[in-house]
Structures are given as C-alpha cells and as structure tokens.
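The listed protein sequences derive, respectively, from chains A and B.
For the first sequence, the numbering used here gives the first residue as 2, with consecutive numbering after it.
For the second sequence, the numbering used here gives the first residue as 85, with consecutive numbering after it.
FYI, nobody ran anything at the bench for these hints, they're computed from the structure.
Incorrect hints may have been included.
[What the hints assert, rightly or not] Below, a list of computed lysine-lysine pairs in the BS3-like style, where the Cα atoms sit at most 27 Å apart: (1) A/K149 <-> A/K259; (2) B/K301 <-> A/K66; (3) A/K8 <-> B/K301.
[Claimed, not checked] So the derived list for chain B, only partly shown, Cβ under 8 Å to chain A, looks like this: (4) I101; (5) A307; (6) S398.
Because the structure is a prediction, the values reported are computed rather than measured.
We put the beta carbon where it would ideally sit given N, CA and C, even for glycine.
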Amino acid sequence: MIDKIRKEAKRILEEGIVSVVIGFEKGSIPLKSTPVFIDDPKETEKLIWDKFCENNIATYIRRFKGTKVGIVANGCCSRAIVTLIVEAQFKREDVYIIGVPCEGMYDRRMMLRDSKTEKNADEKYLYTNCKYCAHRNPVIYDFIARDKIQEKTSQFPDIEQMQELPLEERWKHFNDEVSKCIRCYACREACPMCYCEVCFVDVNNPKWLEGIAQESDVAFWNLGRAFHLAGRCVDCGACERACPMEIKILNLTRKLNKDVKELYDFEAGVDIKGKPALGEFRFDDKEEFIR
Amino acid sequence: MKKIKKEKFYSKLNDLIGEYRVYAPKGDRIGEIRNSTDIEVQTLLTRLSAKSVFLPQNEELFRWDKDKKIKIKTSEKKTILFGIRPCDASAIAALDPTFDTKEFPDTYYKSRRTNTIIISVGCNEPEETCFCSSFNSGPFDDSHSDVLLMENSTEFIGVGKEEILDLFGFEEGDGKKEFEKIKDSAEKKVQEISLSGIKEKLDSVKDTSFFKDISNKCINCGACTFLCPTCYCFDIEDLNRVDGGKRVRNWDSCMFKIYTCETSGNNPRKEEELRMRQRIMHKFNYYPLLYDVFGCVGCGRCVLYCPVNFDIRSAIKKLGD
Numbered sequence: 002m003i004d005k006i007r008k009e010a011k012r013i014l015e016e017g018i019v020s021v022v023i024g025f026e027k028g029s030i031p032l033k034s035t036p037v038f039i040d041d042p043k044e045t046e047k048l049i050w051d052k053f054c055e056n057n058i059a060t061y062i063r064r065f066k067g068t069k070v071g072i073v074a075n076g077c078c079s080r081a082i083v084t085l086i087v088e089a090q091f092k093r094e095d096v097y098i099i100g101v102p103c104e105g106m107y108d109r110r111m112m113l114r115d116s117k118t119e120k121n122a123d124e125k126y127l128y129t130n131c132k133y134c135a136h137r138n139p140v141i142y143d144f145i146a147r148d149k150i151q152e153k154t155s156q157f158p159d160i161e162q163m164q165e166l167p168l169e170e171r172w173k174h175f176n177d178e179v180s181k182c183i184r185c186y187a188c189r190e191a192c193p194m195c196y197c198e199v200c201f202v203d204v205n206n207p208k209w210l211e212g213i214a215q216e217s218d219v220a221f222w223n224l225g226r227a228f229h230l231a232g233r234c235v236d237c238g239a240c241e242r243a244c245p246m247e248i249k250i251l252n253l254t255r256k257l258n259k260d261v262k263e264l265y266d267f268e269a270g271v272d273i274k275g276k277p278a279l280g281e282f283r284f285d286d287k288e289e290f291i292r
Numbered sequence: 085m086k087k088i089k090k091e092k093f094y095s096k097l098n099d100l101i102g103e104y105r106v107y108a109p110k111g112d113r114i115g116e117i118r119n120s121t122d123i124e125v126q127t128l129l130t131r132l133s134a135k136s137v138f139l140p141q142n143e144e145l146f147r148w149d150k151d152k153k154i155k156i157k158t159s160e161k162k163t164i165l166f167g168i169r170p171c172d173a174s175a176i177a178a179l180d181p182t183f184d185t186k187e188f189p190d191t192y193y194k195s196r197r198t199n200t201i202i203i204s205v206g207c208n209e210p211e212e213t214c215f216c217s218s219f220n221s222g223p224f225d226d227s228h229s230d231v232l233l234m235e236n237s238t239e240f241i242g243v244g245k246e247e248i249l250d251l252f253g254f255e256e257g258d259g260k261k262e263f264e265k266i267k268d269s270a271e272k273k274v275q276e277i278s279l280s281g282i283k284e285k286l287d288s289v290k291d292t293s294f295f296k297d298i299s300n301k302c303i304n305c306g307a308c309t310f311l312c313p314t315c316y317c318f319d320i321e322d323l324n325r326v327d328g329g330k331r332v333r334n335w336d337s338c339m340f341k342i343y344t345c346e347t348s349g350n351n352p353r354k355e356e357e358l359r360m361r362q363r364i365m366h367k368f369n370y371y372p373l374l375y376d377v378f379g380c381v382g383c384g385r386c387v388l389y390c391p392v393n394f395d396i397r398s399a400i401k402k403l404g405d
C-alpha cells in the first residue's frame with residue numbers, strides 16, 4: 002500500500018498536477034509519525050502510513066491558497082476536507098486526494114504507559130473514536146491506495162455510558178478534566194474545523210472571557226469550542242491527541258455528534274453536496290426544544 | 085559524601101511542612117504538598133515545569149475595592165522546592181536575569197526566589213528526548229540547586245549547601261563511588277547536540293526561508309512555550325468588576341498570532357515562520373547575547389509534547405548544516 006501512495010504522490014508532483022503533497026513521515030520520537038510537506042518528487046520515499054499518523058493533516062490545506070495540494074487522506078481526514086469544501090474554504094478541484102482506507106490509530110501515550118512497542122501493541126490501544134469509527138474509508142478521493150474496508154455503523158457506547166452517570170458525577174468529571182487546561186489552544190490549532198480568522202477567545206472587544214486559567218474560564222473555553230463544532234466535527238480526535246494535558250475533549254464533541262445524528266440524522270463531512278446541519282432549515286426538523 | 089535514609093529525609097520534610105511551604109512533583113505539575121506521601125519523585129519530568137512556582141500561570145499583582153483602595157499581595161512564605169530535575173533548576177537560574185535585575189527587580193518573583201530552597205534530584209534514567217548535556221549541564225548538574233540529591237533504593241546521597249544537609253540530618257558516608265558510577269551511566273544516556281556558533285549562525289540567516297522550512301508543520305499552538313521551563317512571556321490584564329477588581333499577570337506565548345497584534349489590527353508577526361523565528365532567536369540568539377545564557381535547558385518537554393512532533397533538536401542540527 003505504501004508503495005502505491007508514494008508512486009501516486011510522485012506522479013502527481015512530476016506531472017505538475019499538484020505543487021505539494023501533504024502526508025506523514027517517520028517522527029523523531031517513539032510511536033509518532035509527523036506531518037510532512039513534499040514538493041520534490043524525489044522525496045516521496047519519505048512518505049509512510051502506520052498506526053501513528055494521528056494528526057488530521059486537512060488542517061494544513063488552507064495554508065496553500067492559490068496552489069493545488071495533494072493529500073494522503075484517511076476517512077476522517079477526507080471528511081474534514083468535505084466539510085471545508087462545504088464551508089467554502091477551498092474548492093474540490095484544489096485538492097488531489099490520495100485516499101487510504103484506515104483501520105484506526107493507536108493511542109501512543111497509553112502505549113508508552115504500558116511500555117508497548119509497535120510490534121506488540123494490539124487493538125486495545127485503538128483510540129476511542131477509531132474504535133467506533135463509521136467512516137474508515139475516504140468519503141471522496143481521486144486515487145485509492147488499497148481496497149476499501151468494511152464499514153461499521155456509528156456507535157457511541159462511551160457517550161451512552163457517560164450519560165447514564167448521575168449529574169453530579171458528570172459535572173465532577175467535566176470539571177476535573179477541564180481544570181487541567183492550560184489554555185495553550187493546541188486543540189484549536191490541531192482541529193481542521195477551527196479556522197476562524199479571530200477565535201472568540203482572542204476577541205477583546207467585547208471580551209467573552211478572561212485570559213486566566215481559572216475554573217469558569219477553562220470551562221467556558223472548552224464548552225464554547227465544542228459548541229462551535231456542533232454539526233461540523235468529523236470526530237477525527239485531533240484535538241484530544243494534540244492536548245498536552247490529555248484532557249478528554251472527545252467526551253464533549255462526541256456527545257454533540259451523537260445529538261446531531263439523533264436530532265438531524267446528520268454526520269459532518271459525509272456529503273459534499275449537503276448543507277451543514279446548523280446551516281439549513283427543513284420543515285420536518287423536530288424542533289423539540291421549542292415548546 | 086553525605087547520605088540519609090529516605091524515610092528519615094521524608095519524615096524531616098514532613099516536620100518542615102507548616103514552617104515551610106513545600107512544592108514537589110505531584111501528578112502533571114509541581115504542586116504544593118501537605119504530606120511527603122503526595123510526592124511522586126519517580127516522575128522524570130512533570131509535564132508542567134517548575135517555573136510555575138516562581139511565575140504562576142495566573143498571578144494576582146494587586147487588587148482594589150469599590151472605593152479604589154489598592155491592596156498589594158506581598159510577603160512570601162519560606163518555601164522548599166523538592167524533587168525537580170537539574171534542568172528545571174537551570175531554567176529557574178535562566179529566568180533570573182529577566183526578573184531579578186538591579187534596576188527593575190520584579191518584587192513578586194524576587195521574594196519567591198530568595199525565600200526558596202531548591203533541592204533537586206538527579207536523573208538516574210534520562211529520557212531519549214533529554215539533551216541537557218548540550219548546555220554545559222547534565223543529569224547530575226548541581227550548579228543551580230541548593231542541594232542536589234542522588235536517589236538509590238534506600239537512600240539519598242546529597243551534595244550542596246552544608247546548612248541544608250544538616251537541617252535534614254545528612255550523615256557522612258561512603259557514597260562517592262556510587263554517585264560517580266550512576267552519574268557516568270546517566271550522562272552517557274543523554275544526547276548532546278552541538279551548539280557551537282549557533283548565535284552567529286542565526287545571525288547569518290538573512291531571510292525567513294529557513295524558518296519557513298522548519299516551521300511548516302507547526303500549528304502555532306502554545307503547548308511548547310507553556311510547558312517550557314524558560315519561556316516567561318506574560319500579559320497583564322485588569323479584571324474589573326463593579327465591586328472592585330484585580331490586576332493579573334498571565335502566561336502568554338509568542339507562538340500565538342495575537343501575541344504581537346496591535347490595536348490598529350496591524351500584526352508584525354502575522355506569518356507562522358516569523359513567530360517560529362522569534363521563538364528560536366529568543367532562545368538561541370537574543371538571550372545568550374543579552375545574558376550569556378541560553379533560553380533553553382534541554383529538558384525536551386517541547387519535543388515530547390508537541391502535537392505535530394516539531395523537534396527543536398532537528399531545527400538546531402539543520403542550522404548547522
């Protein structure tokens with residue numbers, strides 16, 4: 002499979018179809034692959050695909066406005082691309098997608114804690130969102146590096162479990178998690194969907210929240226960001242993987258994804274012609290919140 | 085060399101809690117402890133460095149009430165900072181020339197600094213990402229600690245200020261051989277990267293293409309700078325309410341786009357590569373130029389926790405090419 006990815010990347014660079022290919026290369030620390038930008042066809046040998054390509058590299062596409070970009074994309078990366086196209090951030094013809102059906106990424110920090118290596122890790126180390134992923138195949142692509150794999154239906158057992166807890170416990174869990182926040186905004190910067198020219202936390206007139214990492218502000222930040230992603234989040238997990246404090250951000254975004262699925266039967270980034278869930282009105286919307 | 089049984093050391097430390105405020109590794113940070121059993125001395129590097137003891141992420145400078153009467157928080161309690169690593173101790177020393185200047189000493193920083201005893205613990209098992217040896221330092225560098233300890237299964241072997249060793253009841257022992265042996269083996273595990281002429285090399289970089297090249301995958305979050313033990317940039321904010329308010333100093337990061345954004349909307353460091361340039365130049369050029377010390381101690385936190393694996397070691401090496 003990796004040979005096919007490299008060969009296609011080389012071809013599209015050589016033929017001038019794209020000016021750069023975004024993919025992954027081997028990282029400098031154990032169990033980490035790192036984003037790479039290749040503009041020289043000779044360097045496509047650097048490209049790799051393994052269990053540690055955990056970033057969503059669709060986040061970089063907007064930097065290359067005006068040029069055509071090639072990208073090695075798995076399911077969630079392709080969903081991010083679709084969402085960005087639907088939100089008019091670039092055009093379909095601006096990206097050449099080398100699709101990779103993906104069986105999920107491994108949680109490197111959990112592996113390191115258990116002293117596991119690439120060789121002896123197993124499915125237990127799959128990230129939660131990978132375990133319950135319903136779009137393992139790229140939803141759009143120009144080239145596909147291997148045969149498509151079987152899809153599962155979307156599931157949220159982790160969220161259902163959380164919902165069953167009493168309110169106080171959930172509130173405590175939420176506060177324990179967000180109290181770790183240092184407001185470094187790695188979640189925001191890692192997220193392909195967080196592309197606001199000025200994020201609401203950076204606006205100082207009106208001032209939505211203060212710059213200090215006290216309880217109410219970190220709660221507001223984490224909730225505010227999650228709500229801004231309602232109906233837009235593609236559940237790639239890039240935010241949680243980027244968080245240096247290991248805050249369980251996906252509990253918030255996956256809950257919202259579950260709600261959006263149940264309320265509007267909508268999943269972000271699946272239909273390139275569809276409108277965003279919160280950007281459309283239909284007469285058959287349930288509107289149960291208006292009573 | 086002087087030695088002490090670990091139980092004896094911890095029991096003395098417990099006795100000192102109350103008279104001293106004691107900070108030690110606790111979970112992902114250096115936190116205040118109420119009992120020595122809270123200490124997680126096994127943690128090689130706490131995720132958040134020891135800088136927060138001297139420069140908290142959010143610090144109240146003063147407050148005012150509704151009659152605009154100002155109250156300043158001063159007087160710091162005597163503090164023991166225990167269990168930090170030599171790199172974090174070096175990092176604190178690297179903050180001194182910024183905050184403890186002759187002309188404008190930062191009273192908040194300075195009072196904490198002068199009231200704090202630093203007892204660091206050397207690293208028997210350094211990480212792959214450690215590169216402290218590159219800065220004339222190492223896993224058992226005692227130069228910036230009041231006392232440096234070496235841990236074995238039952239004892240601490242200590243070097244440093246006699247009065248502190250005596251305070252804890254260290255006794256004369258034959259630890260020298262063991263100390264040297266563990267020190268040697270630890271030093272071999274630390275990667276050393278060449279920094280010779282780095283200041284000049286950075287001076288010779290005339291355009292931003294080098295920084296553009298190294299920063300292309302950087303997503304411009306502040307994780308590296310917030311976890312960095314020497315990054316000290318801050319922002320001052322007034323939190324005003326009808327019944328009073330306070331002025332706070334918060335950590336800030338040169339990697340943030342709004343860091344240099346001016347009121348007019350103009351931003352001299354709008355591009356990612358310019359912010360990366362600032363970070364690298366500040367650590368390896370401006371800082372040594374001003375204070376003869378690097379703004380990096382080689383703790384490796386930025387390498388370990390970067391979401392996209394930007395590796396400052398590779399950037400330095402690339403500069404050498």
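Hints versus structure:
Taking the CA atoms of A/K149 and A/K259, the gap is near 25 Å; set against the 27 Å cutoff, the hint holds. Between B/K301 and A/K66, the direct Cα distance comes to roughly 16 Å. Compliance with the 27 Å bound is thereby established for this hinted pair. In summary, the hint linking A/K8 to B/K301 is supported, as the alpha carbons are separated by about 23 Å, within the 27 Å threshold. The interface hint given for B/I101 is violated, since its Cβ lies 24 Å from the closest Cβ of chain A, which is over the 8 Å cut-off.
Here the hint on B/A307 is kept, as its CB sits about 4 Å from the closest CB of chain A, short of 8 Å. With 8 Å as the threshold, the beta carbon of B/S398 comes within range of chain A, its nearest partner Cβ sitting at about 6 Å, so the hint holds.
In terms of the numbered hints stated before, the structure departs from hint 4 and from no other.
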